[in-house]
Amino acid sequence: MSTLYSETILDHYIHPRNWGRLSSPDIVADSDDPSCGDQVHLEIALSPDGRVAQVAFEGEGCMISMASASLFTERLQGMRVEELEALTEEDVLGWMDVPIPPNRRRCALSPLVALRAGLAAYRRGGEPKAPAQKG
Amino acid sequence: MLDVERIRADFPALSRTVHGHPLVFLDSAASSQKPLPVLEAMERLYREYYANVHRGIYAFSEEATLAYESARDRVASFINAPVREGVIFTRNTTEAINLVAYTWGRANIRSGDRILLTEMEHHSNLIPWQLLAQEKEAQLLYLPITDDGLLRMDRLDSLLDERVKLVAVTMMSNVLGTINPVREIVGKAHEVGAVVLVDAAQAVPHMPVDVQDLDCDFLAFSGHKMCGPTGIGVLYGKEVLLERMPPFLGGGNMIHRVEWESATWNRLPWKFEAGTPAFVEGVGLGAAVDYLTGIGMEAIAAHERELTAYALERLSALPGLRVIGPPAHQRGGVLAFTFRGIHPHDVAHLLDREGIAVRAGHHCAQPLHRRLGLTATVRASFYLYNTTEEVDRLVQALEQLGNTLGQ
Chain S
1 MSTLYSETIL DHYIHPRNWG RLSSPDIVAD SDDPSCGDQV HLEIALSPDG RVAQVAFEGE
61 GCMISMASAS LFTERLQGMR VEELEALTEE DVLGWMDVPI PPNRRRCALS PLVALRAGLA
121 AYRRGGEPKA PAQKG
Chain P
1001 MLDVERIRAD FPALSRTVHG HPLVFLDSAA SSQKPLPVLE AMERLYREYY ANVHRGIYAF
1061 SEEATLAYES ARDRVASFIN APVREGVIFT RNTTEAINLV AYTWGRANIR SGDRILLTEM
1121 EHHSNLIPWQ LLAQEKEAQL LYLPITDDGL LRMDRLDSLL DERVKLVAVT MMSNVLGTIN
1181 PVREIVGKAH EVGAVVLVDA AQAVPHMPVD VQDLDCDFLA FSGHKMCGPT GIGVLYGKEV
1241 LLERMPPFLG GGNMIHRVEW ESATWNRLPW KFEAGTPAFV EGVGLGAAVD YLTGIGMEAI
1301 AAHERELTAY ALERLSALPG LRVIGPPAHQ RGGVLAFTFR GIHPHDVAHL LDREGIAVRA
1361 GHHCAQPLHR RLGLTATVRA SFYLYNTTEE VDRLVQALEQ LGNTLGQ
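Line by line, the protein sequences are chains S and P.
One point on numbering: in my numbering, the residue at position 90 of the first sequence is 90, and numbering is uninterrupted.
Just add 1000 to wherever you are in the second sequence, counting from 1, and you've got my numbering.
Honestly, the hints are just simulated from the structure, not real lab data.
From the three backbone atoms N, C-alpha and C, an ideal C-beta is built for every residue, glycine too.
Among the clues, some could well be false.
Unchecked claim - Covered stretches of chain S (in silico footprint by chain P; criterion: 3 or more residues with CB under 8 Å from a CB of chain P, positions within the stretch not fixed):
no. : region
1   : 16-27
2   : 86-92
What the hints assert, rightly or not - Here are some chain P residues the structure puts well away from chain S; computed CB gaps all over 12 Å:
no. : residue
3   : Tyr1058
4   : Phe1060
5   : Arg1152
6   : Arg1163
7   : Thr1230
8   : Trp1260
9   : Pro1277
10  : Pro1344
11  : His1345
12  : Val1347
13  : Asp1352
14  : Arg1353
15  : Arg1370
16  : Leu1401
Unchecked claim - Label pairs and their calculated CB-CB ranges:
no. : chain 1 : residue 1 : chain 2 : residue 2 : range
17  : S       : Leu93     : P       : Asn1080   : 23 to 33 Å
18  : P       : Ala1030   : S       : Arg124    : 53 to 63 Å
19  : P       : Gly1193   : S       : Leu93     : 15 to 25 Å
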């Protein structure tokens, strides 16, 4: 019924990928938009060589924000922390298979807002932990 | 009965199609569409006699001043203000309320004083008082609402005492649609000596409002919600209060005599209108008042009541649709709802694809939504140009949406 709500967006919204929490995440990220209620909680576990090994998310929000977060968990796999930090808004919007109109960009970008906050906290907490310390 | 077809012909924007569908505009509570007489009055001023108002000793300036000040007279008579001096032109409702908070509020509110609001206030009738209360160490109190979105009038007496210096209340909620018993609130507030400000942004465009009948001390509304342009709003105030208030913004026009170190102020209403005013917009608002008066505010209110009752009945029949707020006879033409757990932004977006314009979000009332246990709602709102066929289009589109996405 709409060009915006593509099959991909509907599919990821109805069947979110990697839903849940990780046992020992290295990066924990939250975004909370009081204006629309979109909440995204993102967890990332890194492999010993510093690449994204596991991603999980939970959240509540509109179809676009939830589909974007679900797509996110697939796309981040295997990335280095530096690559995560280099992600741009255009990268994230490019993962959706339809153009997102300006007034819904904020929804699509809420996982990125979460990720950036999580990365900043992770950097403040020091370099990636050595595997031995992860327990 | 309104001749809605004829009215619709006055609004050029309503004949547009959106995404291949005839436009159904259901967002007039945010801002209304504009009829030709308003557009023409403003264009005529720009084309034929544009010059800055006040003190211009030549024909154009005199004509523009006359048009602007005559708009003030018509606004005064529209709300039955006793004198034109009580009608201050502002930018909008928000600026009108801030004017009172910054001038009357800062001169009269002291530490320990109380300001009584209600749980259904728009942020514009909340934040100015929060700022004032923080600055003055005053206390904000809230008259609670029922789960149906009606004011708990049974709690009013226990909240009102001589510590309450100001009551600020909306005449009609922009979310719940509730029409509040303002006259009764004013009466009780005056008994304890409190001043009353009425946020009439949703009321003045949609129903007859008589400030002398209400006996309110201040009343604020916006031009753009009542067929007028943006950038022009009104603060009505009782002359005796306005006279005693310090000025708001300083600058040209609001002064009488200026010395190096001090100045005296212009007479009302200009004491509160510093700088070049939005006089073209003021003339547009005057034309909007003429337009609405020509149709009749009673007739407009009756049309909206009928439309609201019809929409409430049809929407409530949809499975999984919950309308917020009171029954039809206690509300105006604003229907906020949730639908089958679908996020309001998705509902609004998908309705837009069908050519239907509604608003989604917290409608500048976050505390109210939290009080109702909601983050956001979809809001359809009506005006004189809306029809039952448009309500049917909304219901059909929601049915279709529910079938596609309903969980």
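Taking the hints in turn, this is what the structure says about them:
1. 16-27: Violated: only 0 residues of the region 16-27 of chain S have a Cβ under 8 Å from chain P.
2. 86-92: Violated: only 0 residues of the region 86-92 of chain S have a Cβ under 8 Å from chain P.
3. Tyr1058: 46 Å, holds
4. Phe1060: Fine: 41 Å to the nearest Cβ keeps Phe1060 (chain P) off the interface.
5. Arg1152: 26 Å, holds
6. Arg1163: 32 Å, holds
7. Thr1230: Thr1230 (chain P) clear of chain S: closest Cβ-Cβ about 19 Å, beyond 12 Å.
8. Trp1260: Given a closest Cβ separation of 48 Å, the condition holds.
9. Pro1277: The assertion about Pro1277 (chain P) holds, with a minimum of 32 Å to chain S.
10. Pro1344: 8 Å, violated
11. His1345: 4 Å, violated
12. Val1347: Violated, because the least Cβ-Cβ distance between Val1347 (chain P) and chain S comes to about 9 Å, which does not exceed 12 Å.
13. Asp1352: Given that some Cβ of chain S is not farther than 12 Å from that of Asp1352 (chain P), nearest at about 9 Å, it is violated.
14. Arg1353: Violated, because the least Cβ-Cβ distance between Arg1353 (chain P) and chain S comes to about 4 Å, which does not exceed 12 Å.
15. Arg1370: At roughly 9 Å from the nearest Cβ of chain S, Arg1370 (chain P) sits no farther out than 12 Å, so the non-interface label is violated.
16. Leu1401: Violated: least Cβ distance 7 Å, not greater than 12 Å.
17. S:Leu93 with P:Asn1080: 23 to 33 Å: 53 Å, violated
18. P:Ala1030 with S:Arg124: 53 to 63 Å: 41 Å, violated
19. P:Gly1193 with S:Leu93: 15 to 25 Å: 58 Å, violated
In this structure, the hints that do not hold are numbers 1, 2, 10, 11, 12, 13, 14, 15, 16, 17, 18 and 19, in rising order.
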